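Undergrad: Can you build the whole structure from these sequences, using the hints too?
Letter by letter, the sequence shown follows residues 1 to 161 in full-length UniProt numbering.
Since the hints were made in silico from the structure, they are not lab data.
Being a predicted model, the structure only gives us computed values, none of them experimental.
Positions of the beta carbon are idealized from the N, C-alpha and C atoms, including for glycine.
There may be inaccurate statements among the hints.
Quick list of simulated restraints, FRET-style, between CB atoms [claimed, not checked]:
| no. | residue 1 | residue 2 | range |
| --- | --- | --- | --- |
| 1 | Ala53 | Asn81 | 31 to 37 Å |
| 2 | Thr83 | Ala50 | 21 to 27 Å |
| 3 | Glu117 | Asn81 | 33 to 39 Å |
| 4 | Phe95 | Arg120 | 28 to 34 Å |
| 5 | Asn81 | Gly56 | 20 to 26 Å |
| 6 | Ile86 | Gly56 | 30 to 36 Å |
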Amino acid sequence: MKTRPRAVRRLSPAVCAAAALLLFTGTATTAASASVRQVGAGEVLALVDAERARAGCPALVVAPALTRAAQTQADDMFQNNLTGHIGSDDSTPRFRLERVGYAWRAYGENVSGPGYENAREHVAAWMSDPRSRHTLLHCGFTETGVAVSGDRVVQLFAAPR
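TA: Structure (structure tokens):
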């Protein structure tokens with residue numbers, strides 16, 4: 001009878017540690033996703049406009065059609081666990097712009113996925129990537145749409161026709 005309680009005592013700390021690890025991991029993931037959702041598109045845009053101002057570019061104007069196109073891609077990326085410019089339906093940024101009826105002269109798109117806890121980290125990642133940085137700092141882009149879905153962020157940049 002003495003061995004059984006001892007075995008239970010030996011197992012108990014391991015079980016408790018595993019349960020605590022699962023609980024902590026689940027909480028951390030939820031908190032990271034929640035922090036991005038709470039940050040919202042407005043903070044992403046403010047950080048992007050600050051970077052553009054440092055580069056001598058004008059602030060961007062939010063275009064509702066661009067926001068709709070960006071939200072479509074952000075939602076698709078989050079729901080299908082994707083991060084990229086091609087949607088789960090094989091749509092491209094150009095197709096998504098045409099689908100919302102946006103007439104563009106030039107456009108660009110920045111996307112980011114999991115691994116960033118807040119808007120500042122998403123924008124910093126774009127600034128550290130040469131292609132994303134070029135898109136973000138392209139002074140010819142005057143309009144934008146920013147969307148957040150879970151831990152995914154999409155920003156479309158455009159010069160209207």
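Undergrad: Please list, smallest to largest, the hint numbers that this structure does not respect.
TA: Per hint list: 3, 5 violated.
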